[in-house]
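Asks: Chains as they are written, first to last, in the working numbering: chain Y, 1 to 106; chain R, 1 to 690.
If you are wondering where the hints come from, they were derived from the structure by calculation, not from laboratory data. Some hints could be false.
Said to hold, decoys possible - Here's a subset of chain Y near chain R, in silico, CB distances under 10 Å, partners left out:
no., residue
1, A24
2, M55
3, S57
4, A58
5, L60
6, V64
7, F65
8, Q90
9, A97
Unchecked claim - Dumping the calculated DSS-like pairs for lysine-lysine here, alpha-carbon to alpha-carbon at most 30 Å:
no., chain 1, residue 1, chain 2, residue 2
10, Y, K67, R, K191
11, Y, K67, R, K54
12, R, K267, Y, K67
13, R, K22, Y, K69
Using N, Cα and C, we set each Cβ at its ideal position, and we do this for glycine too.
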Amino acid sequence: MAFNATLEMNGSDAKITLSGELDAAVAEQFKATVEEAATHNPTNLVLFVNNLGFMASAGLRVLVFAKQKMGQRVSIYVIGAHGPVLNTLQVSGFHQAVYLQDSYPV
Amino acid sequence: METRIDFYPTHQHAGYKLRAGKHFPFGASLVPGGVNFSIFSRHATASTLVLYNKRASTPLVEIPFPDAFRIGNTWAMVVFDLDYETIEYGYRMAGPWDPIAGHRFDPSKVLLDPYAKAVGGRDVWGTPPDWSQAFPHRGRLVFEDFDWEDDRPLETPVEDLIIYEAHIRSFTAHPSSRVKFPGTFAGLMEKIDYLQSLGINCIELMPVFEFDEFENSRPSPLEGETLYNYWGYSTVGFFAPKAGYAATGALGMQVDEFKNLVKQLHKAGIEVILDVVFNHTAEGNELGSTISFRGLDNQTYYMLTPEGYYYNFSGCGNTLNCNNPVVRNMVLDCLRYWAAEYHIDGFRFDLAAILGRDPRGAPLPNPPLLESLAYDPILGKCKLIAEAWDAGGLYQVGSFPAYGRWAEWNGKYRDDLRRFLKGDMGMVGPLAQRLQGSPDLYGGGRGPTASVNFITCHDGFTLYDMVSYNDKHNETNGEDNRDGGNDNHSWNCGTEGPTDDPAINELRQRQLKNALTLLMVSQGVPMLLMGDEVGRTKRGNNNTYCHDNLLNWFDWNLLDENADLLRYCQHIIAFRRGHKQLRLGYFGNTVWHGTRAEDADWSAGSRVLAFTLDGRDMGDDAFIYVAANAYWDALPFVLPSLPVGTTWHLAANTGMAAPRDISALGEEPALEQQGSILVGGRSVVVLVGR
Numbered sequence: 001m002a003f004n005a006t007l008e009m010n011g012s013d014a015k016i017t018l019s020g021e022l023d024a025a026v027a028e029q030f031k032a033t034v035e036e037a038a039t040h041n042p043t044n045l046v047l048f049v050n051n052l053g054f055m056a057s058a059g060l061r062v063l064v065f066a067k068q069k070m071g072q073r074v075s076i077y078v079i080g081a082h083g084p085v086l087n088t089l090q091v092s093g094f095h096q097a098v099y100l101q102d103s104y105p106v
Numbered sequence: 001m002e003t004r005i006d007f008y009p010t011h012q013h014a015g016y017k018l019r020a021g022k023h024f025p026f027g028a029s030l031v032p033g034g035v036n037f038s039i040f041s042r043h044a045t046a047s048t049l050v051l052y053n054k055r056a057s058t059p060l061v062e063i064p065f066p067d068a069f070r071i072g073n074t075w076a077m078v079v080f081d082l083d084y085e086t087i088e089y090g091y092r093m094a095g096p097w098d099p100i101a102g103h104r105f106d107p108s109k110v111l112l113d114p115y116a117k118a119v120g121g122r123d124v125w126g127t128p129p130d131w132s133q134a135f136p137h138r139g140r141l142v143f144e145d146f147d148w149e150d151d152r153p154l155e156t157p158v159e160d161l162i163i164y165e166a167h168i169r170s171f172t173a174h175p176s177s178r179v180k181f182p183g184t185f186a187g188l189m190e191k192i193d194y195l196q197s198l199g200i201n202c203i204e205l206m207p208v209f210e211f212d213e214f215e216n217s218r219p220s221p222l223e224g225e226t227l228y229n230y231w232g233y234s235t236v237g238f239f240a241p242k243a244g245y246a247a248t249g250a251l252g253m254q255v256d257e258f259k260n261l262v263k264q265l266h267k268a269g270i271e272v273i274l275d276v277v278f279n280h281t282a283e284g285n286e287l288g289s290t291i292s293f294r295g296l297d298n299q300t301y302y303m304l305t306p307e308g309y310y311y312n313f314s315g316c317g318n319t320l321n322c323n324n325p326v327v328r329n330m331v332l333d334c335l336r337y338w339a340a341e342y343h344i345d346g347f348r349f350d351l352a353a354i355l356g357r358d359p360r361g362a363p364l365p366n367p368p369l370l371e372s373l374a375y376d377p378i379l380g381k382c383k384l385i386a387e388a389w390d391a392g393g394l395y396q397v398g399s400f401p402a403y404g405r406w407a408e409w410n411g412k413y414r415d416d417l418r419r420f421l422k423g424d425m426g427m428v429g430p431l432a433q434r435l436q437g438s439p440d441l442y443g444g445g446r447g448p449t450a451s452v453n454f455i456t457c458h459d460g461f462t463l464y465d466m467v468s469y470n471d472k473h474n475e476t477n478g479e480d481n482r483d484g485g486n487d488n489h490s491w492n493c494g495t496e497g498p499t500d501d502p503a504i505n506e507l508r509q510r511q512l513k514n515a516l517t518l519l520m521v522s523q524g525v526p527m528l529l530m531g532d533e534v535g536r537t538k539r540g541n542n543n544t545y546c547h548d549n550l551l552n553w554f555d556w557n558l559l560d561e562n563a564d565l566l567r568y569c570q571h572i573i574a575f576r577r578g579h580k581q582l583r584l585g586y587f588g589n590t591v592w593h594g595t596r597a598e599d600a601d602w603s604a605g606s607r608v609l610a611f612t613l614d615g616r617d618m619g620d621d622a623f624i625y626v627a628a629n630a631y632w633d634a635l636p637f638v639l640p641s642l643p644v645g646t647t648w649h650l651a652a653n654t655g656m657a658a659p660r661d662i663s664a665l666g667e668e669p670a671l672e673q674q675g676s677i678l679v680g681g682r683s684v685v686v687l688v689g690r
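Excised from the complex, chain R in its bound form (with noise of 0.2 Å):
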């Protein structure tokens, strides 16, 4: 390979040797006997690329591309003879500082590549940060060598998901997690056979890009303690895994870290999806800081006002401009290389909705962002899915641009489910709605499995809270209980928080089961929270997303403070996964009960609503039958009548005190009495019939 004449340098500078480089691809990959650095800026008038040795303050050498090494607007070089393993680097941009034109252009600034593969300056979670550092989140250099051997993406059926949100940290940070490497990649790899146990087939990891925990860190007013950017919703670096999450940040093998984690959850069937952030980024606007696009080309990676102000559709102070084609193709790139070099298996959006946004903030009636994901070839098998609103009031749950491809959160079903459950009147037409997998929202083509059904999400009460706290309760992120939504549309069982009332906990402890076994008869792909199926709380506290601690880490006590409730989700798990007439990837015949047989009360008044699914159409040779009791007291359902030769057996009964709550899948015991069955108040019964 060194003989080739295409590698040979044709011009030198401070002892380094040069030549022009590819421009195609951008970001800096490894080529033989050096380095290509390519990078773009329309506006910039200059570029220069600055190496470091790792972590030094000053420049190892800054390199001025020639202007031979420019075509269009991008710039490439080849730098022979570097040290892959100690070199950092960045780029000064020149070009004009004209911020209502909507150029900031500054090179005293070294910036970071948008396309670095590893970044440094966060390799070990929690570590405060020099400030007075000038150039903070540095572009690392990475081999693409894994031995992946047959691995590729699980391509599982959408409708057969069972998914499971989770942050890497939270999920073994707590001492009782007893892994080896706490609250990193490596932490949770050793958490898989939980996972298996649990029954879930897909992880959906909150943000892994690389972030900067200590944007916006503060101390807590309350308590001291410092406030982080602990869910990372902040992007730093898209094309890199965040290096605090991996045992060996500091090694800077970060990649090799996570590409394991990926390989070993395939190894056990379980997906992967990323929750990614393509709506903003960790600039902020005008008063934060500039680490790469605000410097590299303002104009084109963000949306701005006339005056060269920033949009705000995010509420994080800026808007990245997805559908400038320059970014576009950024967001392609970035998530081709996750897939094909991650086997990442899909991609939730955070507020996606933007993503449909022009470079003004009007919606697009056809998002070219959105259409070039949803029909580009190495994202084709890709779980796409997305939160389907914005902080600037766009909201799109049911109308969400989907070309086929794209599925979304449906809040509509968080909502309604946890208004039925509560009790409210008038839920039992939009619950039969939920049930079917809501038809109401993707009855025109797209099917049940565009429904992301879940009740719980990372924003929001956890599944306990929801059933014991009225309010939120967020004093301790020092923003006087302002933040966080106030339409939670739940109940607390009688008090306010934890109690020692007997009765209370015992209804608490109904509700979640109720709750979880509605979700996993849904039609549609359930997603379940973190630490739910143990009762996990965050002390009624509704949006935890700055806290490193008890309030955000998974408590693994609770597997045995639990076990009752994480039994009967482990149960109601394998109960969908063996009945296919559960996980349709069409809208089936349901048929709908009240109390009585085939007589269901749609009244506003009612809070009881039942079904059967004929499993003989649907790939199951089973009968089931739901009846879910929102009414106060106990109340008779008829039941509807079988075949010949066939009996009802009990599947679950919420009313019912563990371990007779829920059987293991095919050891139902037949009910006594066929014709009919007394369901508990604030209760679910799941029969099946066979």
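Excised from the complex, chain Y in its bound form (with noise of 0.2 Å):
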């Protein structure tokens, strides 16, 4: 399943849908989006991984740099992470970094 990353404002909800397997080949793309978001200024960055199948190292390095990017005043949301993208964040630690939701707004 082909990677796909579509940004979404929403107030000041920068909301990220997620889908296909995230590795080094489409890092940049997803990469691309967060910078776009930044742009924004949003509060929230809101990750919809429900359709994300698979998450390799590039993708989690384009979260860190995400947290990075927005810095503290900006809260990440995870929503629907499952199978090998939780076990991902989890046993990286960068589950810790963002809120993991199963929907949002909760």
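Reassemble the complex: the two chains are provided individually, in unrelated frames, and hints are given to aid placement.
Replies: Have a look at this one:
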């Protein structure tokens, strides 16, 4: 399944919906979407990953980049993580730097 | 950043854009737009960077370093527009093949970068490798963007440490661990609560640097299962965490996973000490494989005989030439990297006596590597612990060059405690030394914290086996029971191995508690072997270096089966942590007793010793009295008198059945008889006066 990242601004929420497999080949595409979101100065960065089947190290690197790029003032929500994506977030410790939720808003 | 003039390409090769690189730091570093590669060889005549797509059998490209990219004995080059996620790299080095002169250059081989921060090739533990692979261990690129938040090394005072020696895979590989990712860093993370409940505050991890579990792997001659290089005391990549220990190793995320483990342990108040093996490498002797150092610059990295063979002070085929200045710097760079990038709290150096030998093997009076480590700024607060002996016969327990920093695994503590516990004659005097923190060894200004006290460690019997076997039983190692030490100072309590005899099993439990108690009331730094708190057995095997099975795995069912022992261990650890006078940073005043107060029997036939510590001078308002009776019958001990208004309370009595064998800290019942106490045969009593 081809990777896709779409950005939607909703007030102070920057919502990015990810699908497919997030590997090194497409990480730049994800990064560009995050950078575009940052230009809108959101309060919350909300990543919908329900349909993301896999996230390689490169994908995690973009999440780290997003946290550093947005700074402390922006809360990052990861919505619908499951399976390998959830495992990756948990064992790397990144789940502690974001809000892992099943839905948004709760 | 992309506009910086120093990051524009100046050269091209096969479509790859290049420029002269930065010579420091060595290794592969991510720079704007590319990757900086820097490699050392004093005797090579040319160097070629070899790039692969991940797991490909043939190179993506080979890029010879232009002459202009060499300064001194280092080659450095930036390659632009590489995909850091999919690239693997190595080097070909040209130079003389002249083994007698120490040179073994072979440009047909692709070599692993000694500074590689991640190594591919053994990504998933136990997956049989492709033996035809010409370049089995490959450098990979690493991002150092882990979010540590406010974490840093804990800097727990060394006298307060209680070390727990563990093996990553063994800790959770057993199905009874019920963790999501057995045998991994992530698996250990799920067991942090258990470590906290035990009360330890430092975990010492057996080797986690990249190694090859398939080095010298072979089928067991008895059972046919594969025997591995399981413990990992044979390093392939000194800067890389073992990928096969990571649940995410197949994704190349072992760096993140291990850093997260350290971070979570720190949050739980637990320090992390790494067992590091700088005495030799995985390349073996002249018949061994060429992975890295042998082909990069054999004469620099290894101690060689005048005939060009390998000195073998490690017992593993070769000896790293640690007091060569280049190798010394590599060791320093490595440990600085682990301290700075992984927030590691300390290091235990395997066969550390080797680190004090000169390039021909002679012991140095002032070893520059040991001095450099002691005074290094980044390592300035790290614990440095030496296994102060080597396989070449250099034994330095008590005399390891310390520079005010180094502690030692106290092998004499192990031997003397074992001999006292089994009832050997003439052991009361040595026991007194060990209980005080070994002033006979560390009295010259080093203090008791130079002594890491242990009765068991990964080498040798577990504590349960120490009281269950007289002799080693290493047949399953496939070496006709010749391997492993013979000086175990163990006693089986009446029969060899498992038994249904309740008297023997009761005695064994008592001896286990005796050992744990004496360990926890000794000055110095106690170290507990993984599983000893629940009576883990290796079935009498005292050298399980090769077993990926029940002989090494922690069976978590033992928490229920030996719940009394676990409870005892938790309480005796809490007792130590609750009494400052047991954790002095200096040699304090101990008053010795025998069965009569202030009248210790130091004769060769004596098997009893007691002592008191007056906490009023030691940051604690309690008195502590410990009586150890290694005689086979019960003996009455006259108690020393206490100041008016204070009374003796029973903290522990290994001669009593659970749960009366030990009390929770602060809940010790007062003794009915304040003048004396009957200490059972082969028992230890601990009282607290308050």
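Asks: It remains to establish, for every hint, whether it holds in the given structure.
Replies: Okay, the hints, checked on the actual structure:
no. : hint           : result
1   : A24            : 3 Å, holds
2   : M55            : 8 Å, holds
3   : S57            : 5 Å, holds
4   : A58            : 5 Å, holds
5   : L60            : 7 Å, holds
6   : V64            : 5 Å, holds
7   : F65            : 7 Å, holds
8   : Q90            : 8 Å, holds
9   : A97            : 5 Å, holds
10  : Y:K67 / R:K191 : 28 Å, holds
11  : Y:K67 / R:K54  : 28 Å, holds
12  : R:K267 / Y:K67 : 21 Å, holds
13  : R:K22 / Y:K69  : 28 Å, holds
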